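Number of protein chains: 2
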Amino acid sequence: MKKLLSLLFITCLALTASAEDGHQLWLRLQPANKAKVTTEKTSATINIAKQELEKYYNGEQVTLKLDNTMADDDGYRISGTTITARREAGLLYGAYALLRNAQPSAISPQPSAIAYESHPAFELRLLNHWDNLDGTIERGYAGKSIFWGNEELRLKNEELITEYARANASIGINGTVLNNVNASPKMLTTPYLKEVQRIANILRPYNIRVYLSINFATPMALKETKTADPLDKTVAKWWQKKAKEIYKLIPDFGGFLVKANSEGQPGPGDYKRSHADGANMLADALNAGAKGTGTQPIVMWRCFVYGANHKGEDRVKQAVSEFKPLDGAFRPNVILQTKNGPLDFQPREPYSPVFDQITKTPNMAELQITQEYLGQSRHLVYLAPMWEEFFKDVNPQKLKGVAGVANIGLERNWCGHHFSQANWYAFGRLAWNPLMTAESIAKEWLLLTFTGNPQFVRTMTQLMMESREACVNYMMPLGLHHIFKFDHHYGPEPNGFKANYPLEWCPVYYHKADKNGIGFDRSSKGTDAVGQYRPEVARLYDNIKTCPENLLLWFHHVPWTYRMKDGSTLWESLQYHYNEGVLWTEHAHNIWHNKMRQYVDKQRWQEVDWRMEHQEKNAREWRDVCLKYFGSFVEQ
Amino acid sequence: MKKLLSLLFITCLALTASAEDGHQLWLRLQPANKAKVTTEKTSATINIAKQELEKYYNGEQVTLKLDNTMADDDGYRISGTTITARREAGLLYGAYALLRNAQPSAISPQPSAIAYESHPAFELRLLNHWDNLDGTIERGYAGKSIFWGNEELRLKNEELITEYARANASIGINGTVLNNVNASPKMLTTPYLKEVQRIANILRPYNIRVYLSINFATPMALKETKTADPLDKTVAKWWQKKAKEIYKLIPDFGGFLVKANSEGQPGPGDYKRSHADGANMLADALNAGAKGTGTQPIVMWRCFVYGANHKGEDRVKQAVSEFKPLDGAFRPNVILQTKNGPLDFQPREPYSPVFDQITKTPNMAELQITQEYLGQSRHLVYLAPMWEEFFKDVNPQKLKGVAGVANIGLERNWCGHHFSQANWYAFGRLAWNPLMTAESIAKEWLLLTFTGNPQFVRTMTQLMMESREACVNYMMPLGLHHIFKFDHHYGPEPNGFKANYPLEWCPVYYHKADKNGIGFDRSSKGTDAVGQYRPEVARLYDNIKTCPENLLLWFHHVPWTYRMKDGSTLWESLQYHYNEGVLWTEHAHNIWHNKMRQYVDKQRWQEVDWRMEHQEKNAREWRDVCLKYFGSFVEQ
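Residue numbers (the numbering used here), protein chains in the order written: chain E, 1 to 636; chain D, 1 to 636.
Pulled out of the complex, with its shape left as it was, chain E reads as follows:
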């Protein structure tokens, strides 16, 4: 009896929980169980497509067809209720597209009656998990890792990882790096590789390849070689052997992601070898390991490097200084992976000039989904408008792929803040089609995740669209950057300076406020960071009169009394932006609290509401601390 009762209790809990706790993400499909799905072929992937449609498609029948005359990518064609694709994965993506567009009052880009074809812009659409093997996540704000941790956790996670795979497949993501770029050497030990194999087996039917971050000194750290010098033969041999082991376990293993000679990580520089020496050695090893599998492995080599060979140089210039001379020296299967901005995922940065300067080596853009510097999982900040800005400056056609630093953890709703799910969703949608507007993605996500009620969708789309600029306003308007509190990057510390820290970690280094003004002179008269941009952009940024005002203090040291384009002084303008940012958080919360409750189930409404209340407070702290500090320099 006692057992029965507690079973009942657990069932009730489960029902309540599965009701609306955000765990279902944007996949809140209602079973229809009526469609007859015809396929010419079966396979694990096609079966998933078939099952999803059989269960959720609210129509009589769907036909899945392979067509090898179509372009050889993950794309699909939908014509009525027939989905055609070159690859099996295309059928899966087509199935999710059909379901997405069939949602009641869907705001679909294509009317379902008309045939349309959709192909991904990028071959590589990856998540990067900064998950450590102990289960913690660097810059993770939604609980511990879904992949790593103690044995118990791992066993429990099989279902979770399937859900993870399905969610990613539904938005077109086709690869995932399972561990932190600050990688543990243990990652490549056999017990962990067997774990990777297990995960890969779950992800494979969903067309998701696994990749691993590696520690460049792994063989030495594991005491299997005496050095990690990439030109040392024992080292190269070790990597080849390791690659073979990996491909035996995971024949479609995607490749390595490497953070080398960056923020204390080992790398080829430790042996006076170049990044190319290091990357090429790994590329060769992977090629050798993959031989016979048909897989073409890649090395994603991160350009996030500073404080090494170009120590002392303006930090935002160091990536180009480091990699430009090596452009052309990499193996064809090495890709340089660069953060969207030259510094570090700030609320607003200019694009990284690496995308202008590296022309002979394939490039990947690293975007950050987890909101390290944008309120983490406590602020409602929709990132797609920021990425939209990026793709206006950096032509997507010049990129081989995009990687998104994930915001996923063990919290029931995956992302901590229900609205942070939108950033995961938007990343996937933009990775498929970077020309989609942030607004249309927001609408789509709101509809799928909450309700299609037009009043709700309209109101919340507007708030989401405004949210990132609001965050810039209350944190770091007009091109200010990196004035966060040390280490945890939450809250303001504009007066931050620690003698025992690298200067480039100190806020005062970035804003350079003094009696004369504020901002970092990166013009041709300053550090000439502008000189790293393509000429027309360099000219624009170099001239204080043409530099976009939202990047003004990024590129110029500007007098407090400087007249902005609208005639207000810089100091007035700073105050204006900070205040407007705070007012937005109050306005947004007022809307959510009093106008949106009716549209949202209790739990999710409440959880968002609490966070918005906190966001208001944090925004006020930002404004008050920054204006007080900067104001102390201004002669009134």
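Calculated directly from the structure, the hints in this document are not laboratory data.
Treat each hint with caution, since some may be false.
No distinction is drawn between identical chains; accordingly, a pair holds when it is met within one copy or between any pair of copies.
[Unchecked claim] BS3-like cross-link-like pairs, simulated, lysine-lysine; straight-line CA separation at most 27 Å:
#1 LYS226 / LYS525
#2 LYS324 / LYS360
#3 LYS65 / LYS515
#4 LYS272 / LYS194
#5 LYS602 / LYS515
#6 LYS617 / LYS628
#7 LYS194 / LYS498
#8 LYS602 / LYS628
#9 LYS244 / LYS226
#10 LYS512 / LYS485
#11 LYS565 / LYS602
#12 LYS525 / LYS223
#13 LYS392 / LYS311
#14 LYS186 / LYS65
Computed from a prediction, not measured in an experiment: that's the story for all the values here.
For this one, chain E is given, so just place chain D on it according to the hints.
Chain D in isolation, oriented as in the chain E frame:
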């Protein structure tokens, strides 16, 4: 030497003062002194038009022509630089129009190159001054009276009254009631009438007629009759004699404004006579007095009557109850003057049903320029959008005229708040053309009063346009009304109840908040105030589903959990509106403080800035007090 120094000091003061202290209102014309002005005739009025153009028109020549084929009103035609009019006054109005439209970057409705004709919609375009003879002003928030007070004041005011006349002429106002509707019997004594004569002489060339408010019991109060019964012959005779005296002094005297049997004022009701008996007696007396002057006098009889014959009835119904039976019983030169709303100049009211019910007697609308219930001279609240709303409900063609309760006092800037000048200006412009949009008037006023800078005009036009709705939001959203602090009508007192006050002065009478809900049931199931409206409007207001939500609590007692059209509950919606109102004041102040300083001279900027800071605080007080009080009824 001492004299010289103090003269210098005074000159400097005068220069500084005349520089930009708001005293020049919207007439900040720069002398050009170049136009040759041709007229066929001279007169005091034509001379003013001529002088204004000679001094300020920045062109070679202007021709002023009278044309008796034009419509017989105050209108004018402008064709190039020729102004033509039927009346001399038309030439004056045409001259100001030419100057207004010639302002740099003027936002003029008509391009000056093309001929256009403009005629006033109303024959009567009056200001009402609620000025007492001791110099105080009822509901005046800008210092003491410019007309009345001690002898010294009066002597000093001759120049001021000329400036007043010019300002009014420049916007088309053609009449003014010089004293409070709560009138002193002394007003009609000979010494005061001689004062009125002096004022009339100053105003006359500017085409402004004087009118007086009278105390209905004047002859009795002056102990010249034993009664004030309008049907008593000695009384009627007294008024005839008095009228003669007036017309001897002021041959174009406009007539009387009467508040009778209202809020303690005497009236015909004291003798069981009707309002018609009283009004007709005065109309006859004025006609007799004006005989031979060519003047057609009027009596403006106010419908603002409650607590008398219909005591106990819903206050907003009493005017119709009182006057409807008398419709048709008045002399042709009696006009009923009715406030725009049925209660008393609230931030938002429905229109007064008097305008639907009184069809045989001429009507005048009484609008309030002084912001008694809209933040007085401390809040930036632009009233034209409210009047625009009124003219959408009440067809201007059905009105004989409009009266605006003035906001003018001895303060250097006339109105206390620099932006309150806009309400005086807008009243004048709408009195000429009620179809002008509030937005175009705001633009015009900003341009003339501050600067034509497009950024300034655009930004401040938007704030002005939003300001009245913001005031409704932070004071009394969704049809709430009269929950002001007693007597001074500033600040909130929703719990207001005083046993020794008339119930209709107590806030609790108006909001009727209880555990079940809030609002005054004036539907057909309640007091049936809706029944006084024309049928299509009555139906609209009567049904809670079709009643405009911004009047909901005016007409209905509504449960706290009632679902608004957007699905939020009433209580949520109330909170939403109060919060948005407060946020607007903060937003508006942020813009003024940080973005508008550059466009505005120091003194005016500072004086507005202080007031906006205060407005924020007062708005917060409104929100906090009201939500706390109403919240105490709501089961959470």
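Indicate which option fits the pair LYS602, LYS515 if close means a Cα-Cα distance not exceeding 27 Å: within, between, both or neither. between (51 Å within a copy, 24 Å between copies)
Quick one: LYS525 to LYS223, C-alpha cut-off 27 Å, is that within a copy, between copies, both, or neither? Close neither inside one copy (50 Å) nor across copies (90 Å); limit 27 Å.
Tell me, please, which holds for LYS512 and LYS485 at an alpha-carbon limit of 27 Å: within, between, both or neither? Within one copy only: 16 Å inside, 51 Å across.
Should LYS226 paired with LYS525 be assigned to within, between, both, or neither, using CA atoms and 27 Å as the limit? Close neither inside one copy (47 Å) nor across copies (94 Å); limit 27 Å.
First find the shortest C-alpha distance between LYS244 and LYS226 inside one copy, then the shortest across copies, and answer within, between, both or neither for a cut-off of 27 Å. Intra 21 Å, inter 122 Å, cutoff 27 Å: intra-copy only.
Same-copy or cross-copy closeness of LYS194 to LYS498 [CA-CA at most 27 Å]: Result: close neither inside a copy nor across copies, 43 Å intra and 82 Å inter.
Checking an output row: LYS565 and LYS602, CA cutoff 27 Å. Within, between, both or neither? between (46 Å within a copy, 21 Å between copies)
For LYS272 vs LYS194, is the C-alpha pair at or below 27 Å within one copy, between two copies, both, or neither? neither (34 Å within a copy, 105 Å between copies)
Within, between, both or neither: LYS617, LYS628 at alpha-carbon 27 Å: both (16 Å within a copy, 21 Å between copies)
Please work out whether the CA atoms of LYS186 and LYS65 approach to 27 Å or closer within one copy, between two copies, in both situations, or in neither? neither (44 Å within a copy, 100 Å between copies)
Are the CA atoms of LYS602 and LYS628 at most 27 Å apart within a copy, between copies, both, or neither? between (39 Å within a copy, 24 Å between copies)
Up to 27 Å CA-CA - LYS360 versus LYS324, copy category: Result: close within a single copy only, 10 Å intra versus 89 Å inter.
Violated hints for the displayed structure, listed by number in ascending order: 1, 3, 4, 7, 12, 13 and 14.
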